[in-house]
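J.: Letter by letter, the chains look like this.
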Amino acid sequence: MDAFGSLIANFLIPAALVAAAFWAVMKYALPREVRTIFKREFKGYFNSPIAYVLFVVFLGLSNGMSFFFFGVLESQEASLTYTYFQYMPLYLALIVPAVGMRIWSEEQRQGTMELMLTMPLAPWHAIVGKYLAAAAVIFLMLVLSFPIVWTINYLGSPDNGVIFTGFVATFFVALCYLAVTSVLSALSRSQLVAFLISFAICIVIYLAGFPQVSNMLMNLKGGAIVLWPLLKLLNAIGVMPHFTELAKGVLGFRDVVFFTTFVLFCLFATSVAIRMRRA
Amino acid sequence: MIKVKGLRKNFGPKVAVAGVTFEVKKGEVLGFLGPNGAGKSTTMRMVTGYLPPSDGWVSIGGADIVDDEITAKSKIGYLPEAAPLYSDMTVEGFLRFCAEMRQVPSEELDRAVDKAISTCFLEKVRHQSVDTLSKGFRHRTCLAQSIIHDPEVLILDEPTDGLDPNQKHEVRALIKRMGKEKAIIFSTHILEEVEAVCTRAIIIDRGKIIADGTPDELKAKASSAGRINLRATGLAGKTIQKELEKLAEVGKVEVLEADGDGINARVSPAKGKSHKLNAAVFKFCKDKGLNVVELSVDPGRLDDLFREITKSDRDD
Numbered sequence: 003m004d005a006f007g008s009l010i011a012n013f014l015i016p017a018a019l020v021a022a023a024f025w026a027v028m029k030y031a032l033p034r035e036v037r038t039i040f041k042r043e044f045k046g047y048f049n050s051p052i053a054y055v056l057f058v059v060f061l062g063l064s065n066g067m068s069f070f071f072f073g074v075l076e077s078q079e080a081s082l083t084y085t086y087f088q089y090m091p092l093y094l095a096l097i098v099p100a101v102g103m104r105i106w107s108e109e110q111r112q113g114t115m116e117l118m119l120t121m122p123l124a125p126w127h128a129i130v131g132k133y134l135a136a137a138a139v140i141f142l143m144l145v146l147s148f149p150i151v152w153t154i155n156y157l158g159s160p161d162n163g164v165i166f167t168g169f170v171a172t173f174f175v176a177l178c179y180l181a182v183t184s185v186l187s188a189l190s191r192s193q194l195v196a197f198l199i200s201f202a203i204c205i206v207i208y209l210a211g212f213p214q215v216s217n218m219l220m221n222l223k224g225g226a227i228v229l230w231p232l233l234k235l236l237n238a239i240g241v242m243p244h245f246t247e248l249a250k251g252v253l254g255f256r257d258v259v260f261f262t263t264f265v266l267f268c269l270f271a272t273s274v275a276i277r278m279r280r281a
Numbered sequence: 003m004i005k006v007k008g009l010r011k012n013f014g015p016k017v018a019v020a021g022v023t024f025e026v027k028k029g030e031v032l033g034f035l036g037p038n039g040a041g042k043s044t045t046m047r048m049v050t051g052y053l054p055p056s057d058g059w060v061s062i063g064g065a066d067i068v069d070d071e072i073t074a075k076s077k078i079g080y081l082p083e084a085a086p087l088y089s090d091m092t093v094e095g096f097l098r099f100c101a102e103m104r105q106v107p108s109e110e111l112d113r114a115v116d117k118a119i120s121t122c123f124l125e126k127v128r129h130q131s132v133d134t135l136s137k138g139f140r141h142r143t144c145l146a147q148s149i150i151h152d153p154e155v156l157i158l159d160e161p162t163d164g165l166d167p168n169q170k171h172e173v174r175a176l177i178k179r180m181g182k183e184k185a186i187i188f189s190t191h192i193l194e195e196v197e198a199v200c201t202r203a204i205i206i207d208r209g210k211i212i213a214d215g216t217p218d219e220l221k222a223k224a225s226s227a228g229r230i231n232l233r234a235t236g237l238a239g240k241t242i243q244k245e246l247e248k249l250a251e252v253g254k255v256e257v258l259e260a261d262g263d264g265i266n267a268r269v270s271p272a273k274g275k276s277h278k279l280n281a282a283v284f285k286f287c288k289d290k291g292l293n294v295v296e297l298s299v300d301p302g303r304l305d306d307l308f309r310e311i312t313k314s315d316r317d318d
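Protein chains in written order, with my numbering: chain H, 3 to 281; chain E, 3 to 318.
Everything labelled a hint here was simulated from the structure, so no lab data went into it.
Owing to the predicted nature of the structure, the values given are computational and were not obtained by experimental measurement.
Be aware that one or more of the hints could be misleading.
If we take Cβ atoms under 7 Å as the criterion, some of the chain H residues that face chain E in the derived model are [claimed, not checked]: (1) Thr38; (2) Ala53; (3) Leu56; (4) Thr83; (5) Gln112; (6) Pro122; (7) Asp161; (8) Asn162; (9) Arg280.
Below, a list of computed lysine to any residue pairs in the SDA-like style, where the Cα atoms sit at most 20 Å apart [claimed, not checked]: (10) H:Lys45 / E:Pro86; (11) E:Lys16 / H:Met278; (12) E:Lys273 / E:Ala250; (13) H:Lys41 / E:Lys137; (14) H:Lys45 / E:Lys137; (15) E:Lys137 / H:Thr262; (16) H:Lys41 / E:Lys16.
In silico negatives: residues of chain E with every beta carbon more than 10 Å from chain H [what the hints assert, rightly or not]: (17) Val68; (18) Ser76; (19) Pro82; (20) Lys290.
Just so you know, even glycine gets a beta-carbon here, dropped at the ideal spot from N, CA and C.
Required output: the full structure, derived from the provided sequences and hints.
T.: Spelled out as structure tokens, the structure:
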């Protein structure tokens, strides 16, 4: 199979299937309110320059770094795991808060929160609709990374299965970051504040998963006792161990549970934050 | 249609609304008056379910706004004070979005959007982006949003704010027309608006209702009510004033103009004699052989009442 055929069979068709499954859930499993909010929000990203700017920055960053710094071409790696995917959680810590910062902040700044919350819908309709719209933008952004898949297939015969799970793992991490951003966005009227704090938290949950980081904290003077609960917490919320497993092509039950729990918890926290802002 | 009982709202130690009770029936237009910061908007926000009340309850067509949130909210159309809009949409796109959110069935969407656009005179800006609209159009777009699903209850926070006189007139006419088959609450600073549109008015100050009645009833409570405006010639002004002040029914004569051959004055009734004043003054003029140029009873002015009752306890 040539590189182009391989790209279609191993990347674009699976991506299209994911999109189709998502569409089916949207259409048949979720209430009309969620769908309406999803549509509005999704279009909103493309009515302003924000989505395009973020796409260009993300694609430039992820591809540029791989080609120029991490030697994706020289490494002869068959799966892109170490030259491409490994750094994705870092770029996404920057990009995802920029995608998600507006979801509630903008609503509060414009005052449309008052319209939204006096409409006949349950708060979770709005929370989920908005979250899914931002997730769909990120999904599209990852699909637009297809040139690297095509390039690798053109140059050699990589393990396309692992490349695909690499994208799945990347997307899951992005979903966690987005869920964090959703909470911060509900807490702040200012998009900039929501962005900066989300960015900081995403970096923390990125770093928290590295053994070097926990070792370093352990070695602080008296750290082991004082910081023990904190360390436990950091170990628990670190995304990297789960990301690495998935990216290697191992679809572990524990990792999926971790990502799902993380997102659901943050969406619940978003609803609490919105209720707090109203009272 | 709308029932509000003992509604309170505290923001920390600050009491914004201190126990408000009222009722609005179908076919009633209730005007909400009060100085800035009196608790009008907070009350409306609780009635629409945006703010949870600290105490008390609100029922919309029998559905509690807290316990049966979705049923209650589906009966309401709401225009918030700031007339917020999604700035990244067109007028039509925005109204379509609101109609869908308001559970208008898909097959009726086009009709509902068209109707709201024509009712609020938005044809000219139908395809324009919301962030390029002038203030008047923004306001009317938000008003269109509130009536798009033909709600039984309308809550309008300063619906004529920022409109030019023609638009104000149109919006008042619209509220009056819709008021025949809906229950409407609207707040305003403009007192003529209350007389023109409302079937009933409430004056609220510091979170409490301090007056409640039809516009005529409220006007009658003003100190200006029952006062007589008299312009007459035939005698020296000073003389007329002195003679008038001798009448038992007359409390005070306020001279606006007086010369050697006439007077222009406001005659206030003595306490408890307001219903007799008119006849007494009329008889007086006839007995003295005065030429009456004007003799009219003042029905009272809302703004007098408003000022009298909202400022009386400002100092404490």
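J.: Run the structure past the numbered hints and jot down the numbers of the failing ones, going up.
T.: Violated hints: 2, 3, 4, 7, 8, 13, 14, 15, 16, 18 and 19; rest satisfied.
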